[in-house]
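Using the hints, position chain B against chain A.
Chains as they are written, first to last, in the numbering used here: chain A, 77 to 530; chain B, 77 to 530.
Treat the hints loosely; a few may be bogus.
Copies of the same chain look alike in the list, so a pair counts if it fits in one copy or across any two.
[To be verified] With a Cα cut of at most 25 Å, we get these calculated SDA-like pairs of lysine to any residue:
#1 K463 with I524
#2 K133 with N153
#3 K528 with N485
#4 K108 with V200
#5 K243 with G447
#6 K108 with H184
#7 K87 with E213
#8 K151 with Q207
#9 K349 with N521
The set of hints was computed from the structure by calculation and includes no laboratory data.
Predicted, not measured: the structure shown is a model, and the values here were computed from it.
There are 2 protein chains.
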Amino acid sequence: MSKQYKPSTPKGTRDFLPTVVQRRNYIFDTIKTVFEHYGYQPIETPAMENLETLTGKYGEEGDRLIFKILARGEKLNKALADFNQTNLTEEALRYDLTVPFARFVVQHQNDLAFPFRRYQIQPVWRADRPQKGRYREFFQCDADVIGTDSLRCEVEIVQMLDNVFTKLGLPVEIKINNRKLLTALAAYVGEADKLIPLTIAIDKLDKMPLDKVLADLDNQGFSAEAQTKLKTVLEAARDLTDSAALMDKMEQVFAGNADGEKGLEELRYVFSKVKTLGLETSKLRFDMSLARGLNYYTGAIFEVVPRTDEQVGSISGGGRYDDLTGVFGMPGMSGVGISFGADRIYDMLEARDGFPKNETAGTELLFVNFGETEADFCHELLGSIRKAGIRAELYPDASKMKKQMKYANDKQIKFVAMVGEDEMAADSVTLKNMESGEQELIGKNELISKLKML
Amino acid sequence: MSKQYKPSTPKGTRDFLPTVVQRRNYIFDTIKTVFEHYGYQPIETPAMENLETLTGKYGEEGDRLIFKILARGEKLNKALADFNQTNLTEEALRYDLTVPFARFVVQHQNDLAFPFRRYQIQPVWRADRPQKGRYREFFQCDADVIGTDSLRCEVEIVQMLDNVFTKLGLPVEIKINNRKLLTALAAYVGEADKLIPLTIAIDKLDKMPLDKVLADLDNQGFSAEAQTKLKTVLEAARDLTDSAALMDKMEQVFAGNADGEKGLEELRYVFSKVKTLGLETSKLRFDMSLARGLNYYTGAIFEVVPRTDEQVGSISGGGRYDDLTGVFGMPGMSGVGISFGADRIYDMLEARDGFPKNETAGTELLFVNFGETEADFCHELLGSIRKAGIRAELYPDASKMKKQMKYANDKQIKFVAMVGEDEMAADSVTLKNMESGEQELIGKNELISKLKML
Chain A
77 MSKQYKPSTP KGTRDFLPTV VQRRNYIFDT IKTVFEHYGY QPIETPAMEN LETLTGKYGE
137 EGDRLIFKIL ARGEKLNKAL ADFNQTNLTE EALRYDLTVP FARFVVQHQN DLAFPFRRYQ
197 IQPVWRADRP QKGRYREFFQ CDADVIGTDS LRCEVEIVQM LDNVFTKLGL PVEIKINNRK
257 LLTALAAYVG EADKLIPLTI AIDKLDKMPL DKVLADLDNQ GFSAEAQTKL KTVLEAARDL
317 TDSAALMDKM EQVFAGNADG EKGLEELRYV FSKVKTLGLE TSKLRFDMSL ARGLNYYTGA
377 IFEVVPRTDE QVGSISGGGR YDDLTGVFGM PGMSGVGISF GADRIYDMLE ARDGFPKNET
437 AGTELLFVNF GETEADFCHE LLGSIRKAGI RAELYPDASK MKKQMKYAND KQIKFVAMVG
497 EDEMAADSVT LKNMESGEQE LIGKNELISK LKML
Chain B
77 MSKQYKPSTP KGTRDFLPTV VQRRNYIFDT IKTVFEHYGY QPIETPAMEN LETLTGKYGE
137 EGDRLIFKIL ARGEKLNKAL ADFNQTNLTE EALRYDLTVP FARFVVQHQN DLAFPFRRYQ
197 IQPVWRADRP QKGRYREFFQ CDADVIGTDS LRCEVEIVQM LDNVFTKLGL PVEIKINNRK
257 LLTALAAYVG EADKLIPLTI AIDKLDKMPL DKVLADLDNQ GFSAEAQTKL KTVLEAARDL
317 TDSAALMDKM EQVFAGNADG EKGLEELRYV FSKVKTLGLE TSKLRFDMSL ARGLNYYTGA
377 IFEVVPRTDE QVGSISGGGR YDDLTGVFGM PGMSGVGISF GADRIYDMLE ARDGFPKNET
437 AGTELLFVNF GETEADFCHE LLGSIRKAGI RAELYPDASK MKKQMKYAND KQIKFVAMVG
497 EDEMAADSVT LKNMESGEQE LIGKNELISK LKML
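Bound-form chain A, shown alone (with noise of 0.2 Å):
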């Protein structure tokens, strides 16, 4: 290597120091314990997939960004020989937790109870170009129900999306729509064979403005009555803002419209039951203009957004879908699931100070090393006070007093204990609070109590 090399981390990935890992921990602690509380489990998949599980699942600009791995030895030294790139990869980095998860039921279906509740927290890896707040390699957050198409699932994820983020401290808006007044609305405009570039067109509404959405439709070939049918719907999906009322006004639009119907009818029953079993701190919506790209959703649709100001976008989505499985050779697995995007949260909590310090917290106490017989009576100690649980360490070289004292400021830790001749003949140690800078002297039997209370 040469003596130039500069140790750096791949285009687009990221190393987490410590703060940052138990920051993020808090976070996916948070969402774990409720997804506990509710009865899923965790499972994990491999890192690497199959190529062939991978492939044509998430389109030709998926299969673009997906990592491979390349071959080795002789099966390596045989594609290039043959110059046959496709032979140079059989492996691939996960691109999601959806696609393993769905290979996951199928492969296991005899040992798994249906419904199946699982969530997974990995890390997943896409080849994409890095920009702000888009990395190569982030963390995704799952939970789904898959064997069952009971909609007290949908009010399960709403409350689990309102306990999450209650716990976080971030009042949202969760957001939601079904796929089958989607499939309505193509059908009511007269472009029932267009539904995907109208899921398309629709999705964007929250970056463009709807005249921009509409002519976008022209150009696809949606005719003028389509256009103006669309524009007096999502006019009025958008200055409807009170569900009910919108509810009530797409009853009309698709009186007569099965999936209309149907999918009122689910959002009827979901908003019915949240009524009653009530939400903490989140807001319920019904939004016309939530479409979600995913193809392989069927019926409700959910995104959260802060309700505060901030231009965040959505911090978690999910969604209905009848058939995940299928591709894997079991079809007919009607499931619904939820994602997490951990990284908005992270920055939201970070921008409002909002990580709790006792749960994100390293080293609680700091013994000073003063010398070889004071560092036997701290280490001594020590013994009591890890077994209680408090995070502890001695400083291990009798260095400079400065210089202690500022590894425990770097480190951010609240109290240094110091011993001397003077504590040691008193069977005690000085306590500083680094905080307050308060210090007294505590007898070494009073320490635990004292540091617990505190």
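Here is chain B on its own, set in the frame of chain A:
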């Protein structure tokens, strides 16, 4: 994809089902808690590293076993057009946690408080031939303190090992040696320039009889006199199971040899402190035949084996190094680290039924679904039950009782609550203990305190 496609994970990789994840997390959490009690803090590095960060760090075999990422787009096309194999890849999956840690320390040196205590629990990948207990993806759990040569860190490593294995209920022997003694041994037998083959040979002593190891050294050019001297020392090392007696013996052997005297002084320091501080369930033993293959160790080396008759080999290991970060341009950083083998610990705990039931459990309570009205009653109860921290669910469909009970059994749920017309009229639930078969009628307000008691 062809219909015949049978979903599977890539060779040497594994899916983890819920019970296994929960049990693995129990091991990781136990280790993490101990690490944190000693002031170690978590870091995370990306799954991928720049290829140049990894190559040349693990020897020739290591270079061959690294999983490389295939280049994409233009770069790939150019590499193929140029017949340039080197440019087929720029990134690779991490092979261990030590090299990424060294890269991390150098890269972030201005943001770290030294001595820096970090732990890291992440998967690594090696394209080894898979066999029983050896996987291509597996987790490493490492803790290191870097930036101090204080021997107190070695003492604390022994204490941490004792804490972890005591908590896990696994009585172990902690073997310790010192690389300086191996240097001294090479000099003592007159083969100071053959330290590396000597280390490799000694490392085989737990799998091979002494005579065979000596024969191997004969082939490597060790003199007859060297072999005789080695035989005497290694036989004494094998037969003197008392650490103090073995240290006395080695003191005679290495008298006047600076490395030997320093190594023994370091060993005596660790033994004396450990004796004062005490170990809970582990035993510390000086083992002259412990060598550990890695060349970067320079002082104490550790290895942990179960004290039972299980033939699982070592379940933890580590040591002191003087220059981990020099290769990345930051020389002279001394440190000491330890690594836990989670897969072997898992197998041992499983074999002895050693996983605590409570800490690895999923759902605790299932409400049977008898229909919409009853389900509404249960769904409302669930709110306060989950808020009380109890993992509970309602079966989402009003399926046949038998199917729902099978689900509870398959998921090993301990309590099932049944609510029919009678229970609703009495504002109660019938609670069934699935282990004992007992059931009783409980007022809905008593349910939580009842469950918390059980």
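Contradicted hints - numbers only: Number 5 only.
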